[in-house]
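Protein chains: 2
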Amino acid sequence: MVKKTKFHAAILIIGNEILSGRTQDTNTSTLAIWLNSLGVKVVEVRVIPDIEQTIIDTVNLLRTNYDYVFTTGGIGPTHDDITAQSISKAFGLKYEINQVAFKILKEYYKHSEFNEGRQKMTKMPEKANLILNPTSGAPGFYVENVFCLPGVPSILKSMIGGLKNKIVGGEPILSQTISLRTVESEIATSLTKIQNDNQDVEIGSYPFFQAGKLGVSIVMRSENQSKIDICNSQILKFVNEKKIEIVDR
Amino acid sequence: MVKKTKFHAAILIIGNEILSGRTQDTNTSTLAIWLNSLGVKVVEVRVIPDIEQTIIDTVNLLRTNYDYVFTTGGIGPTHDDITAQSISKAFGLKYEINQVAFKILKEYYKHSEFNEGRQKMTKMPEKANLILNPTSGAPGFYVENVFCLPGVPSILKSMIGGLKNKIVGGEPILSQTISLRTVESEIATSLTKIQNDNQDVEIGSYPFFQAGKLGVSIVMRSENQSKIDICNSQILKFVNEKKIEIVDR
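From first to last, the protein sequence lines stand for chains A and B. So for the first sequence, our numbering puts the first residue at 23; every next one is plus one. So for the second sequence, our numbering puts the first residue at 23; every next one is plus one.
Among these hints, one or two may not hold up.
Put simply, identical chains are the same to the list, so a pair is met inside one copy or across any two.
Said to hold, decoys possible - Calculated cross-link-like contacts (lysine-lysine; reagent style DSBU-like; alpha-carbon spacing at most 35 Å):
| # | residue 1 | residue 2 |
| --- | --- | --- |
| 1 | Lys111 | Lys26 |
| 2 | Lys264 | Lys145 |
| 3 | Lys188 | Lys264 |
| 4 | Lys111 | Lys265 |
| 5 | Lys25 | Lys132 |
| 6 | Lys28 | Lys111 |
| 7 | Lys128 | Lys235 |
| 8 | Lys249 | Lys125 |
| 9 | Lys188 | Lys249 |
| 10 | Lys26 | Lys128 |
| 11 | Lys188 | Lys235 |
| 12 | Lys235 | Lys179 |
| 13 | Lys26 | Lys265 |
| 14 | Lys125 | Lys25 |
| 15 | Lys249 | Lys128 |
| 16 | Lys265 | Lys186 |
| 17 | Lys132 | Lys249 |
| 18 | Lys116 | Lys265 |
| 19 | Lys265 | Lys25 |
| 20 | Lys132 | Lys215 |
| 21 | Lys28 | Lys128 |
| 22 | Lys249 | Lys179 |
The hints are simulated quantities; they were obtained by calculation from the structure and are not laboratory data.
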């Protein structure tokens, strides 16, 4: 049996506030960088509204297509938080109070009222595994390969550390950047040649505008540092030949 | 015949840099706010890699499902810019030099070399309509209901103004926010009741943390201001009863 070496994830952002433009998603970047370090590549992101059937259908598609699915948003106490009930339906599981989560939140709210909204946050698919929340008490959860996290970026960030041992990945995906004082159209032909000669390195080219000056960042990504090194030396060769200024590397 | 009143769009973000976490997408928010003002609601966003077949399949799915599709990214001069050729294949159209775009860019680069990379930016689906670019010359384009814009946020922003007359929408989607000094779990039950009583207003509840204090923003969205007003007065009623401080409205 060939050992699996490539692990792919999808991120599913559940929230009308992203689709309306009110809020800019930052969780994708947080999750992607963290997953890359664990050897998991994010290959698709979807943003969908707070509509139960859409959540169910999308989760069921993505969890079949990818090794991991990470959802963000919709696990709070209000009427528009319907992720936990939708995930239960997606898996055909009961949506019920998780006794461990109930104990955690009862303790968390011991000096105030453990009201209906707060108790709602203990309801999730039966036998779901908890993802502990060191920031605001209410845990996330996972069922099989679907991990459900909150939408608030600071809370999400505080929770993913505890998940590290639950994620099996491959080699970490390494990235190296070289930033040049040039424009893309000056280096496009050289870069194309280098990409063709280095198929195992994903080369990206991204224009930037900083301190009043244009530049281009070339990003090389691979699980293999020596392949990045070869690619990098080829880039430095043409940069040198064309007398392009290196801004940062 | 009933006049169409609801117009839906999808945004397709094409770019490995978003999936790797290197870059945070901000174009979704720009496009969504602009589209709302034209009476078009964004109901799905997807982020996909720079892979031709993935772009073709996703565009063909989305352009059938929605009134409008907006793509961002992949129309520059480098090897990883494959949006124009992929869209050509999605529509079964020739990928060829657009003579108007060629003339524009030849003029734009008259004081430097109009090289291969720059000429690549004039290639697009045959008979595509141009989207002019007041910032950096190279135009975007649209074919039927698929509008292709660049990934660089400042350039994208400068281009959408010129598209206004090409987008037919419904009534603008209005939004009103009231921010409270409370936590979601304190108001969840009242909000659920108000949402049930006001089905035509989409009510969202979003916690925030500002200047060291927690709060919740309640966002009401509808095409109908008077329905928002009714909803708003019901919210103010329970806010008043519960003696919750209003931070902003």
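Status of the hints after comparison with the structure:
no. : hint            : in the structure
1   : Lys111 x Lys26  : both (30 Å within a copy, 33 Å between copies)
2   : Lys264 x Lys145 : between (62 Å within a copy, 26 Å between copies)
3   : Lys188 x Lys264 : neither (48 Å within a copy, 43 Å between copies)
4   : Lys111 x Lys265 : neither (60 Å within a copy, 38 Å between copies)
5   : Lys25 x Lys132  : neither (49 Å within a copy, 55 Å between copies)
6   : Lys28 x Lys111  : both (29 Å within a copy, 29 Å between copies)
7   : Lys128 x Lys235 : between (55 Å within a copy, 23 Å between copies)
8   : Lys249 x Lys125 : neither (51 Å within a copy, 41 Å between copies)
9   : Lys188 x Lys249 : within (29 Å within a copy, 47 Å between copies)
10  : Lys26 x Lys128  : neither (42 Å within a copy, 50 Å between copies)
11  : Lys188 x Lys235 : between (44 Å within a copy, 34 Å between copies)
12  : Lys235 x Lys179 : both (33 Å within a copy, 19 Å between copies)
13  : Lys26 x Lys265  : neither (43 Å within a copy, 58 Å between copies)
14  : Lys125 x Lys25  : neither (41 Å within a copy, 54 Å between copies)
15  : Lys249 x Lys128 : neither (53 Å within a copy, 38 Å between copies)
16  : Lys265 x Lys186 : neither (44 Å within a copy, 43 Å between copies)
17  : Lys132 x Lys249 : neither (56 Å within a copy, 39 Å between copies)
18  : Lys116 x Lys265 : neither (65 Å within a copy, 38 Å between copies)
19  : Lys265 x Lys25  : neither (45 Å within a copy, 61 Å between copies)
20  : Lys132 x Lys215 : between (64 Å within a copy, 26 Å between copies)
21  : Lys28 x Lys128  : neither (41 Å within a copy, 44 Å between copies)
22  : Lys249 x Lys179 : within (32 Å within a copy, 37 Å between copies)
Consistency with the previously given hints fails for numbers 3, 4, 5, 8, 10, 13, 14, 15, 16, 17, 18, 19, 21, ordered from lowest to highest.
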